[in-house]
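Input sequences plus hints: build the corresponding full structure.
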Amino acid sequence: MNAHPDGGRSGNALGAGDIPQMNWDQTGPEMKMVRDALFRHVGKPVRRKEDHRLLTGKGRFTDDFLLEGQTYAAIVRSEHPHARIISISADAALAAPGVLEVLTGADMVQDGIGPLAHNPLPSTKFDMKLCAPGGGIPFVGEHHALAIDKVRHVGEAVAVVVAETPGQAADAAELVEVEYEALPHVVDSAQAAAQGAPVIWDEVPGNVFVESSFGDWDATERAFATAAHTVEADFHVSRVTAVTIEPRAAVAQYDPETGRYELFAGSGGAVKHKGELARCFGIDANRIRVHSYDVGGNFGARNRVYPEFALVMWAARRTGRPVKFTATRSEAFLTDYQGRDLRTKVALALDADGKFLAMRADNLSNVGAFCVSLSPLSKGAGLITGSYDIPVAALRARAVFTNTMCTQAYRSSGRPEVTYAIERLVELAARKLGVDPLELRRKNLVHPEQMPYRNAVGQYYDSGEYEQNMDRALELFDWDGFAARKDEASQRGKLLGRGFANYVESSIGSPKERAEIEVFDDGRIEVVIGTQPSGQGHETSFAQVVADMLQVPVERVFIIIGDTDVVSVGGGSHSGRSMRHAGTVMAMASAELLALARGHAAEMLETAADELAYADGVFHQRGTNRSVSLQDLAARLADPLRVVTDNEMHTPVFPNGAAICEVEIDPNTFHVAITRYVSVDDVGRCINPMIVHGQTHGGIAQGVGQAMWELCAIDHDSGQPIAGSFMDYGMPRTDNMPFFISEIAEVISPTNPLGVKAGGEGGTTPALATVTLAVLDALAGMGVEDIAMPLTPQAVWQAVQDAANTQAKK
Amino acid sequence: MEMTGEHVIPAPRDKVWEMLNDPAVLRACIPGCTELEGSPEQGFTATVKQSIGPVKATFKGEVTLSDLNPPESYTISGSGKGGVAGFAKGGADIRLSDAEQGTRLRYDVRAQVGGKLAQLGSRLVDSTAKRLAGQFFSNLEDHALSRHEAGTVNATAARPAEDTRQAPASAGSVAARPRMLILLAATAVLIVGLLFAFNS
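Line by line, the protein sequences are chains A and B.
For the first sequence, my numbering begins at 1 and goes up steadily by one.
For the second sequence, my numbering begins at 1 and goes up steadily by one.
Please note: incorrect hints may appear among the correct ones.
Subject to a maximum C-alpha distance of 27 Å in a straight line, what follows is the list of computed DSSO-like cross-link-like pairs (lysine-lysine) [as the list claims (entries may be wrong)]:
id: 1; chain 1: B; residue 1: Lys15; chain 2: B; residue 2: Lys56
id: 2; chain 1: A; residue 1: Lys432; chain 2: A; residue 2: Lys345
id: 3; chain 1: A; residue 1: Lys432; chain 2: A; residue 2: Lys809
id: 4; chain 1: A; residue 1: Lys432; chain 2: A; residue 2: Lys355
id: 5; chain 1: A; residue 1: Lys150; chain 2: B; residue 2: Lys60
id: 6; chain 1: B; residue 1: Lys81; chain 2: A; residue 2: Lys150
id: 7; chain 1: B; residue 1: Lys89; chain 2: A; residue 2: Lys150
id: 8; chain 1: A; residue 1: Lys125; chain 2: A; residue 2: Lys512
id: 9; chain 1: B; residue 1: Lys81; chain 2: B; residue 2: Lys49
The set of hints was computed from the structure by calculation and includes no laboratory data.
Just so you know, these numbers come straight off a predicted model, no measurement behind them.
In structure tokens, the structure reads:
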């Protein structure tokens, strides 16, 4: 990488005055009580309240909703990566049995429906700010629910057919004739950013629509110029897709009398979807009601509005009938928002003793045909230096349009990418210097006494004991026993390898959250919250928190989510924000509720509020036997015993940890088996260890999946996605995963009242690096130095052949 | 994607050329072919019904022809559409040469596929293409042999149960309108060729 494109301007994400609040300062007497009251349920493996419902078929997934008179939508999709639409003929489709409506982009324009309102720029106070090349707000491309003049990726929706049955809709969709004029296409980010590439948006002639610089470029250049050692590398963190077990679906109806739309669509946050759909339709948000209850997997793919959500709403209005769309698995592979696809060039400067001096990075994110989210680029930008104390760094972050499906934040958005880069770079440096990679890491880790630690691109790590995580992971893995295991494996003719990675990640997310807590006269306590679980167990862990704060049994607390007529504000679930944001606002709301209840109790008992003691859901007047419970209060008050509390919290937290993978490779078949996996994760306060472990296990599987099998393969010549089914898209399964050894490290975060960081994504973040490094370690004796994901037998075989050929030439 | 192959047909070169120009023969030999029709003025289409793994579709192909050099070589180019199954476009060079036991037919196909065929078929098309190619040439061989024995064209011999309709152009018009028939042949060969080529 060369000098800074703007000639050495240095800029940071944060101004000098923007130091995040590191000490939660809201400490009224009620809040103190709430904090002191914790830990009757919190920290215990309370069994999931939702499981009985889910396991007995009582879940409410989108496709379970059957509206009266419901019709079905099928989508006509582009088979070209880039083409002008010449004409669309719907006559034959309209004449087909059962067809009610065929709608195109032209109809959509005529009906005044605008583009999807994605708002892709991360915008909280501590997000890394991204701008257009030369400054200003980036052009993000209008993402219409149906293509209007041209298609920009294979699978883009071109027309929607509505019919009485799903089969009739699908059959009729085949009859819609679309005439295209194919245009030159580009699917690879580096090619799209190069001179002379086909132009995807006329407004952005070079396809690069974001270019921002971070860090201190001059100091970095000076450090590199005088460093004893430098290493550099070039990585592509491949494109994958979420493969949610429940395909995306939506069903909508329209009431012409009230002018109100009602949409059932599982997502990562109904409130956000309601607001964005209102902008898309150009109507007031209260004319849309969104339901999102049980969701069969999200991982980021469901956080953004899908074109079909707008299409079923619009078609319901046009036809006067409810309209449902349920994606096939093929459609999911083709058009679920995808993840990763980052190219990164990284370089590290070290002094003669192996102390890190400076880092350079040049990151290029492939956003696809429309910019749905810049979260992956932004999140990764803040963490390029990883867990290490690197005094200065310089980063160029760019995003580029290509003729591919849009990418979006996916399971630990942006962090596995940069963790992969820094951990592989550190390993290369150790090899170059001839030192133990673990000792090199140790020498450069950020230490607890440096916390809060400001990294070289301006992010403040809140807390963590990185070296302890490392030591604990090594111990759990039996690092020292590796030599014996390797010998044993080699006697069986197998190659054993191990890969270690430290990680630190950030959890920022939408800053606003609201909690409503109401006590009912039957003792039931309802908590309305705007996060959206998709398997994380919020109904249990949130109830644990509120139960402890209000000192009531967890069985009496119920979490209400998913109906925007009930839940008015909420940031949804993404970026590991839910427990922290919901926990904080629930703590505040609990404190407010207790303060309110105390006032009422004092009135009722005709005493002063400070004469009351509170324990186990009951106010007692000190020195007497007079008391009143929350339930009694709720029964006797004229007004509901209810509080609504809002909170806005920008301060990020930085979950961290260490992970180690061991692999065994068969040198005859080049099959890679994962034989051991250890993860130590500092999640801050852990509310429910059983749920956190489960989330970590899933997270590991997703990271290992990308390293080993998963790939959204795209043929560069034709621009066609070629992994459109489970035949070609490999998945982690029970038979190709070992039992994981995971351990939770609780270093309490000072940034929020519960001390929560985040859990789950920590399983994914280091896994790309640990698996790749383990395979490289196993193949080290064969001269293999680099290998790209996924690590399929063919890829391993090819790497071994290439290494043999290179050695033969020498 | 590219694919090259060759096959020896047990017949002299001019006979093979003739067979390739006979719509009835081609319709009978192309696996799943239900129609071959058109005119030199309006262009030519052929329809082939095939399933490749999970993708079942009716392919309609349209071709043009160039570099005609009978009875040695020609180049075909065009496209095939399979509805939601996707599309194929590209071309093929066909070359005939004398071989010991007959005529060597060599084909070089360059094609691109899109849509479901690319997304779903990539693992299955290889075997499907090989199967189709095998069927096509084995049918052609049967025709060559039956011709050799009977001294006449028997277009329905290979697949009597499936193909009982008359060809749009009779054997008599083959000689009269060679260009049209070459186009028909090309259409058929291209469709088969494109199906062959789905694998890469």
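Checked hints:
1. Lys15/B x Lys56/B: Given pair Lys15/B, Lys56/B is violated - Cα atoms ~34 Å apart, limit 27 Å.
2. Lys432/A x Lys345/A: Status holds; Cα separation ~18 Å.
3. Lys432/A x Lys809/A: holds, 22 Å
4. Lys432/A x Lys355/A: Measuring from Cα to Cα gives roughly 14 Å; hence the hint holds.
5. Lys150/A x Lys60/B: Given that 27 Å is the threshold and the Cα spacing comes to 24 Å, the pair holds.
6. Lys81/B x Lys150/A: holds, 20 Å
7. Lys89/B x Lys150/A: Distance of about 20 Å is within 27 Å: holds.
8. Lys125/A x Lys512/A: Holds - the C-alpha atoms of Lys512/A and Lys125/A are around 12 Å apart, at most 27 Å.
9. Lys81/B x Lys49/B: Status holds; Cα separation ~11 Å.
The structure is inconsistent with hint 1 alone, although it conforms to all the rest.
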